[in-house]
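Enquirer: Now for the letters of each chain:
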Amino acid sequence: MCLGVPGLVTDIDDLVAVVDFWGVKRRVRLDLVDEPVSVGDYVLNHVGFAIRRIPPEDLQTTLEMYEQLLHEANRSDLMSADVRGEIEAGSK
Amino acid sequence: MNVLEFRDRDRAAALGRALARATGQVGRAPVSVMHVCGSHEQAIAKFGLRASFPRDLNVIMGPGCPVCITDLPEIDEAVALALTGVRIATYGDMVRVPGTAGSLADAQAQGARIETVYSVAQAVDLARATTEEIVFFATGFETTAVATAAVILAGPPRNFSVLSAHKYIPPVMEIVAEMPDTRVEGFLAAGHAATITGCGIFEPFVARHGLPVVVAGFEPLDILAALVRLVELVRDRAPEVVNMFPRCVTREGNLNAQRQLWRVFRPIGGRWRGIAHVPNGNLRLRDEWAALDARRRFEIDTSALWHHAPSALVRQCICGNIMAGIASPADCRLFGAECVPDSPVGACMVSSEGTCRIWHQYGGIPRLDAGLTSRAPRAGGGVSCPL
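Protein sequences, first through last, are from chains F and U.
Counting along the first sequence from 1, when you hit position 54 you're at 53 in numbering that gives the first Met the number 0, and nothing is skipped either side.
Counting along the second sequence from 1, when you hit position 387 you're at 386 in numbering that gives the first Met the number 0, and nothing is skipped either side.
Excised from the complex, chain F in its bound form (with noise of 0.2 Å):
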C-alpha cells in the first residue's frame, strides 16, 4: 500500500489519464499530481491516482525493477502482487 507504480500516459480528459502499464490500460485520476502531465509522460500512481510525473531521464531505472517483478512467476510473490494490486486501483 505504499509502493506505487508507473506508467505511461496515453490519454487525457480534464483530470482522468488513461494510463498503459505493460500493456494494462487503466483510468487513473490527476487531482494530487503537482504538476502539468501531458501524453507521452510517465506518471507514478498509488491507489489509482498519479502522485509524481516521472523525470524522463529517471524513467530506465525507475522501469527495470517493475519489470522485473512483473515478469516473477510466482503469482503468490508479496511484491509483485502488490504492483498489480496498484495497477488494477485504475478503473477500467
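Some hints here could point you the wrong way.
Stated by the list, open to error - Facing chain F, a subset of chain U residues (Cβ under 8 Å, in silico):
1) Gln109
2) Ile113
3) Thr115
4) Tyr117
5) Gln121
6) Asp124
7) Leu125
8) Val145
9) Asn158
10) Phe217
11) Arg250
12) Asn253
13) Asn255
14) Gln259
15) Trp261
16) Ser351
Note that these hints are calculated values from the structure, not bench results.
Ideal Cβ placement from N, Cα and C applies to all residues, glycine included.
Got chain F sorted already, so can you dock chain U onto it with the hints?
Expert: Coordinates of chain U only, in the frame set by chain F:
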C-alpha cells in the same frame, strides 16, 4: 525465483563492502537502524539483502505496515457498522485483520456486506451505482490518505461516507525514537510517502532527536546505497536529512497533494497497535466534512463486541513488540505454527506489508545470530545472498 538479478552486480557488491566498512567504523555494536515501510521490508527480504548486511548491523522494520498498526478500536468500529447492515468498502488486507470479536471477514460470514477495492475511487463508483449507503473504511498512511482527500474534495455522491483510520507517519517516528528498548540510531524513510510529504518534513525531527534520516527508494541498490549513507551518518554523529531518492522525492514534496490532505483531515492522537498512544498520529475528517464522516452519520456502537475476550492464541501474539522493533517474528512461538497466512492470528501475518507475512513468504532472514535462526520459518526456504 525469489532472488532477482541486480541491475549492476559490481555496484551491489561495492555497496555491500561499503556498508560493512561503515558499520565497523561506528566503533560499537550492534548498530540499529529502522525503516518504516512494508515495501522496504518486502524488497529487503525478496532480494535477500539481509544476508549481505554486516553482522553488527540491525535493520529493524518499525511501524511501517498501515494494516498492521490499525488497532482494535478502529477495526471494531468497522465490524460493528458492518453488522448493522451498512455496506463497507475497504482495501483487501483490512478484511482479515482481527478485531476484538473478529474481522470484517467474520462479519461477512454472518451476513455483513463487505466490498474489497484497490482504490477509494472504486468505492465512490460503487456508491454511484446504488442508492444504498456505502462507507469507505479508509486505512493507510499519508500516501493513501491523499487519495481519500481528493475524492472528498471532488464531491462524492450523498450516499458515500468515510470511516477514517488513516495514519500519519512522522509523529510515530518521534515515539519510536524515544523508546528505551528499541534504541534506534537512524531511520530509513519511505520514498513514496516522502514523495508526498517531501524530505524537509524530517528536518525538525532530526533537530529534536539528533538522529539521521535517509530517504530511500525501493530497488535493492537504492536500499543498499541509502543504508550505507545512513550508517556513515551514524558513524560521523551527523544528524542530517539526506535524500537518496531524488528521482521521486523533493525537499518540499507534492504541495498540491499536501494542500488537499490538510484541507480534508486534521491530526489527532490515537492508538497504534504495538506503539500505544501516538499524538497527532491519526487522521480524522475536519468538521467541515462532517456530512461525509461515517462516525457522525451513523451511531457506531462497539460495546457489544467487548463481551468477547480475546482468544488464548491472540493473547500470545507479539505483533505489538514486532512493530515496536523489540522482537522479530522468529521470537514468536505462534509464527509459522498456529499463525500462518491462511489463518493469521495477528495483523502482521495478514498484510502483504506485515513483517511476519513477508518473513513467512521469503523465508525470513538468514541471520547469523543463533538466537534468531532457532525458529527459522518453514515456508520459502532461506534465500541466499546474490552479491
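Enquirer: Could you work out which of the previously given hints the structure breaks and list their numbers from low to high?
Expert: When the structure is compared with the hints, numbers 1, 2, 3, 7, 9, 11 and 15 turn out to be violated.
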